[in-house]
Structure formats: structure tokens, C-alpha cells
Amino acid sequence: MAVASVAHSGFAGYAEEPDQLYIETRELRIQGFLLFMVSDLVLFSSFIFAYLYLRNSGQGWPAGGPKLDIALAAINSIVLFGSGATMHFALENWKHGSFVKFANWIVMTIILGAGFLSGQVMEYIHIGARWDSGIFGASFYTLTGMHGLHVFGGIIYLTVLLLQAAQGKYTFTKYTGLTLGTLYWHFVDVIWVVLFSIFYLL
Amino acid sequence: MAATAVHAGGGLADHIHPEPQGFVRKYVFSIDHKIIGIQYMITAFLFMILGGMLAELIRVQLMKASGGLMTPETYNEVYSIHGSTMVWLVIIPLLTGGFGNLIFPVQIGARDVAFPWLNMLSFWIFPVAGLMLYASFLMGAPTAGWTEYPPMSLQGQAGTSMWAAAIFLIGVSSTMTGINFLVTILKMRAPGMTYTRMPLFVWGQFVTAPLLMIATTALGAALAALFVQREFGVAFFDPARGGSPLLWQHMFWFYSHPAVYIMILPAFGMISEILPTFSRKPIFGYKMIAFSSCAIAILGFMVWAHHMFTSGLAPALQLPFMVLTMLIAIPTGVKIFSWVATLWGGVIHMTTSMMFAIGFLATFTLGGITGVFLAAVPFDLHAHGTYFIVAHLHYVLVGGSLMGILAGLFYWYPKMTGRLMNETLGKWAFWLFFIGFNGTFLPMHWLGMWGQPRRVAMYDPQFQGWNQVASWFSFVMTAALILVLINALWSMRNGKRSGHNPWNARTLEWQIPSPMPYYNFKHVPSVFAAPYDFAEPLPYRGLEEELTGAPPPVPAAH
Ligand code: HEM
Ligand SMILES: [Cu+2]
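Sequence order for the protein chains is F and B. Heads up: the first sequence begins at 242 in this note's numbering, then just goes up one per residue. Heads up: the second sequence begins at 588 in this note's numbering, then just goes up one per residue.
For the record, the hints were derived by calculation from the structure and aren't laboratory data. Check before you lean on any hint, since a few could be wrong.
To be verified - Cross-link-like lysine to aspartate or glutamate pairs, in silico, DMTMM-like; alpha carbons within 25 Å at most: (1) F:K410 x F:D260; (2) B:K774 x F:D373; (3) F:K410 x F:D310; (4) F:K410 x F:E258; (5) F:K308 x F:D373; (6) B:K774 x F:E265; (7) B:K774 x F:D260; (8) F:K415 x F:E265; (9) F:K342 x F:E258; (10) B:K774 x F:E258; (11) B:K1083 x B:E1010; (12) F:K336 x F:E258; (13) F:K336 x F:D260; (14) B:K774 x F:D281; (15) B:K874 x B:E1133.
Can you make the complete structure from the sequences, with help from the hints?
Next up, the structure:
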């Protein structure tokens, strides 16, 4: 496989088969990253528990529900899921040895991520509540804020990966860092599915 | 044979890092799991001295029914920081970052943990967080105990926020350690080291690591919520705005009940190493001990509300939480019986380490039994918030976790220093500790039954006699701990040379030199049985050169 695509590659390290050390280290890093995501998930779950607990404890939830714009949030969700797809294409193109396509898709991902964040800002303005104004503010802004920070961090993360890739830190056979970045971005997507469901659909 | 293996594999097992040079890289910002383990231990023992001083302040205050040493406010600060120190800066770091780091990677035949740099970061967060915790004294320390229930923790002075930040950081460090250890055990075992051949200390770390990872993150959420409520007025726990103080209790105990198992499962693992070694008998019920740890870890996530029986928990929930809590006593009992059966008919060698291990059996069992009392709702309604709780938690945490740690210290000290700790001093320390400990905490059972409330700076004069007994014995216990520290310091220079395997033990760490070389093994061994069969030859192959003068193989060129 690797040998067949050598011809398309400008990278010196391309022909090099991944050695045992690389394979084992890659496994470790992916495993560790998965566990990191599990504990991150627990962080979100705890606040989700807090939200459900407070909302159902009877007092303080805004009468008639908070002023959420479900249409805006739906569009925003589509933007974020789109960025999940573009990230997937980015990694696939890297595996097939095309740096240019990879770079295009990852830039797309970053733009969509930034789009999502601007959508969130619009939603915050639209809602007009404050973080410290009761339990809606506490749970909504804490959870979506944490998620927004994850997206923001993800944008920086992807930018760094792009720069590193441009400098030749990864080869088309050794690219654990890119795999991790992709995992992270999908993870942020999944969290959003949950948050969207519990705030907008429940 | 070995040389060809290097070329055939070429993976992590053959990847020897060059030894770091220079004091800073070797001992300060080290990435070697053994050095990091020792760093953890030294730091934790320093914090133990601070926490112990606070404990003695408490006991001096309680010598007189009217208090007298401190104002009630100061007293509240003192026991809050005492509890926080002992849980987060002493017991957990010693058992996981300390002994865990030092021993388990060698026991599975690995060269280091999966992420050595992360390991270094985990360690360095720990002293910083500890100092932050103590800095909270300058800003008005927290006053609501180590559990910091709102609304009291919302009214505390600025130090309470500092407390939350410090414990949050410690949590980050624990989570990273958990991830690191789990990946190491999942992926880096030597050839042939199947799960059912792992030493039981490794099993202890193996079930503790997910608890560190999952429970600690939940605590992080609770602490973050407390912090933002205090600093930014976010309404999580404020009933006036729809928040709920009970929410904190749920979030806190969802962590802290599993956390009590974080503080005991590694100690179970230590005891399971020490008892067979010093009774020269295979551990009884290896699989039962390993699997009961898993059962405890899983059940441990389902019982947190037994701390909330008096907090207005719905009655329909009380029964399931009571039953689940009592169920935990079953796997715990399985272990106790396995250990006793290990001793039965063995050739007992009464070293100091063994004495602490047997002491553990006695006192931990008592603490476990009072735990079952407390799990019964009708009893708990009576005992909650009294000294009975203090008695229970010290029997499991001091009589259990700390005894385990001391047994482990005497047992593994040669692996750190190449020398044995002094046995005569050690036995004195054991007896002083055992007598001092029981004298301090046994009376608290009946003080609690009679109704002396915990966390109060003064009490009804009728309790004064037994409180004085407790205080006097607590001085004995402190003296014993000081003796252990002196012993450890003195033996570093003057202890008898231990050789590589002074106890004739069978796990892998004893098959390499003491102190352990930085690469652990010259050649990673292969394993073909669990280590506890004392009648058989050692179940390892490939260790022939470990004790010879042959230099380690040249680092693979990567
Ligand atoms: C057989 C096993 C155990 C059972 C059934 C059990 C049960 C309980 C119960 C029901 C309480 C709540 C009492 C109350 O506040 O009203 C309690 C408190 C406590 N337990 Fe256990 N326990 C067990 C083992 C342990 C172990 C192994 C540890 C630690 C190593 C531990 C540490 C604690 C602590 C620290 C508290 C007091 C928390 C506070 O400050 O309020 N327990 N236990
Ligand atoms: Cu508990």
C-alpha cells in the first residue's frame, strides 16, 4: 500500500515503513487520548446531571421556558457537523498522500468551527440572560460555554497541526498527532449533539 | 538470544533511554517513574507532618470541654485543612503517585509508564496545589470540613475559593496519573504477563486508575461549580435562586465515595504482596482478591448517597442505597478471609512490615464493620454527624490505608535505597502506633454513640474524660510516626545493606538490583505464571543478566 503511493509523494519519510516503536507508541497515545476524552466526558456529564437536577427540582426554572432560538441552534449544529465531515476528509486525504487537499479541508474545518462559535455568540445575545441570573444561566452558559471553549481550543489545536504538517512533522505513514486531532474534533461534535438535545429538544 | 530479541522486536520493550545526566534532570524534573515515585513520597510525608501538626492542635483543643486553645472559627479552619491534607495530599498521593509509580511498572516488566512526561507534570502539580491549600490560611481558610457543604462553604472567607482551586488542581494531577497508569497496565505488560498473572499490587493500581480518572473529574466539576458560585454568583447551590445545596452533596459524594476506594484498593494490593511473602505461602484465592477489587470499584459508584441519609434524601432511595452499600461488605469480606487463609498454616516471619500488615487486618476489619453499621439507615440517623463517623473513617483510613502504607514503606524501602530500615526501631514504632491509634480512636465509637457531635470546638463536660484519653494516646501515635520518619532518614545512610531480594520475594521488582537501575531491566523478561507459588522456581525467563556486571544493551538508535 505504502509502496504503491510512494510515487505521489514529495515527503522524504514517506517510503519508510512504520517501525515497531512507532506502532507501539501510536497505540499508547491513542489509548491515552481516548481515556482523556472519557474523563472529559465525565466533566460534561457532571454538569449535565447538575442541570437536570436543578431543572427538575421545581424552583427557579424560567416560567414558560427560556428564550432559546431553536432555528439558529439547528443551523449552527449543521455547521458543526459539517466541520466534522470536513475534518474526516482532511485526515483521509492525508492518508492518501495529498498535503494540499488535506490543508484545504482542514482550513474549511477551522472556518466552520469559527462559524459555529459566531452562531453561539448570536444565540447568547439573543437569549440575553446572564451567567449569574438563576439556574438557567448557571447550567446553560456553563455547559455551552465549556463546549465553546472546547471548540475554541480545537480551532487552535487544528491550526497548530496544520502548521506542524506544513513543516514536515508528520509523514504520510506516521501521523498520530493528526489522528488525535481528528478524534478530538469528532468528540466535540458528539458533545454538542448531547447539549443540543437536552437544551433545545427536552 | 537476547541480542536477537532486540532486533526482532525493536518496540518499546527494547527502547532503553540513555540515563539523564545532571542533578536537575535526574532528581528534580525527572521523567523516571521511580524517582517520581520517591518525589511523591517525600512531598506527601512533608504534608503529613503539616497535617499531623493540625491533628495535634485538634486534640489539644479537645483536652478541655470548653476548648481554650483556639477560637471556634480557627478550630473549624484547622480540622478542614487537616482532613483535606490527609485525604488529598497524603493518602492518595502516597498510594497512587508514590508507591504506585515506584513499584507497579517494574512489577509488570515495563521500563517506565506510558507517558513519562505527563507523569512528571502530574507530580509537579501536586506540591503547587498543596502550597495553595496552605496559602488559604492566609486568606481565611475554609471552615466547613473537607466536605465543604454549602451553604456554609458559600459563606466562608476567600480561602474557600483557594481551597476549591487547590483541590481542583490536585484532581487534574490525579486524573492524569489515572490515565497514565491505566494505559501502562493495558499496553505495556511484559510478554506472558497476562491479567491473571499480574501481581495483586498491580491489580490494586489497575482498578484504582479508572476511579482516579472518572471520579476525580466529577469532583472537578463540583469544585468548579463551587468556585464560580462563590466568585461570580452563578446560582448552582443557592436555594434562593433555584439552586440546591443538595446538588453539591450528590456531586461531592459521587466522587468521594469512590475516592475512599482510591484510598484503600492500592493498600489492599500492598497487603496482598506482603502477607504471602512473609508467610511463605501462595496467596489464598488470587482470582477472588483480584475480582473482588473490581466488584468494589464498580459498586463504589452506586452507593454515594449513603452519606446523605439525613440530608433529606427521598425515602424510596434510601433503601436501595442502603442495600448496595451493605453489598460492598461482601467483596471486602472475601478479601479479609483470603488474607487470613493465606496466613493460616504459613511460616510467619514477623518483620516490621508483616506486623503492620497484620495490624491492618485487625483495624481495617473493625472499620469495615462499623461501615456496615452506618449503612443501615436507622443506625445512621443516630450516628450521623457524631464521633462515631470520625471513628469509622479513621479506622479505615489510618488503621487501613496508613497501616498499609507503613507496611509498604518497610517492605519496599530497600528497593529505593538499597538498605533495610532498622527492625528494632520499626517494631517499637509499630507497637506505639498500634496502641496509640486504638487508644485515640476506639473511645470515639462510644463518644459518638453517646452523642458527641463531630466538628465542634467545645463539648459537653461529661465527655471530657474519654476525650483526654484520646488526646494522650494521639501523642503516642504521633511519636510512633516520628519514629518511622527518623528510621527512614537514619537508614538511608546507616541501614543494613539489603541486597537485591532481602525478603526472598517473588515479584519482578525483587529480581533486579536495589536500588533499581534507571532502565529497570537489561532485558525485558517473559513471564509464565503468577508470582505466588513459593514451592516452584521463579516463573520468569530472561533475567539471567540482571544481577551480573554486564552493562545494559546500547540504547536502540531511534
Ligand atoms: C465495608 C465498607 C464500608 C462501608 C459499608 C462504609 C459505609 C460508610 C457510611 C454509610 C458512611 C456515612 C456515615 C455518615 O456520614 O452518616 C461512611 C463514612 C465514611 N467512610 Fe465508610 N464505609 C466503608 C468503608 C470505608 C473505607 C474503606 C473508607 C476509606 C478508606 C471509608 C471512608 C469513609 C469516610 C472518610 C467517611 C466519612 C465521610 C465524612 O467526612 O462525612 N469507608 N462510610
Ligand atoms: Cu461512602
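Results of checking the hints against the structure:
Only pairs whose Cα atoms come within 25 Å are accepted, and F:K410 paired with F:D260 is accepted, the gap being roughly 17 Å. A C-alpha spacing of about 45 Å is found between B:K774 and F:D373, which places the hinted pair above 25 Å, so the restraint is violated. Restraint check for F:K410 and F:D310: the C-alpha separation of about 43 Å exceeds 25 Å, so the hint is violated. This hinted pair checks out: F:K410 and F:E258 have alpha carbons roughly 16 Å apart, not beyond 25 Å.
As the CA atoms of F:K308 and F:D373 are separated by approximately 16 Å, the hinted pair is consistent with the 25 Å bound. A distance of roughly 9 Å separates the Cα atoms of B:K774 and F:E265; the hinted pair therefore holds under the 25 Å criterion. Proposed proximity of B:K774 and F:D260 is supported: the alpha carbons are some 17 Å apart, at most 25 Å. Of the supplied pair hints, the one linking F:K415 and F:E265 holds, its CA atoms being roughly 12 Å apart against a limit of 25 Å.
Simply put, F:K342 and F:E258 have alpha-carbon atoms about 23 Å apart, close enough for the 25 Å limit, and the pair holds. In summary, the hint linking B:K774 to F:E258 is supported, as the alpha carbons are separated by about 22 Å, within the 25 Å threshold. Taking the CA atoms of B:K1083 and B:E1010, the gap is near 10 Å; set against the 25 Å cutoff, the hint holds. For the given pair, F:K336 sits about 14 Å from F:E258 by alpha-carbon distance, which is consistent with the 25 Å threshold.
Restraint check for F:K336 and F:D260: the C-alpha separation of about 17 Å stays at or below 25 Å, so the hint holds. Between B:K774 and F:D281, the direct Cα distance comes to roughly 22 Å. Compliance with the 25 Å bound is thereby established for this hinted pair. With a C-alpha separation of about 30 Å, the suggested pairing of B:K874 with B:E1133 is violated against the 25 Å cut-off.
The earlier numbered hints that this structure contradicts are 2, 3 and 15.
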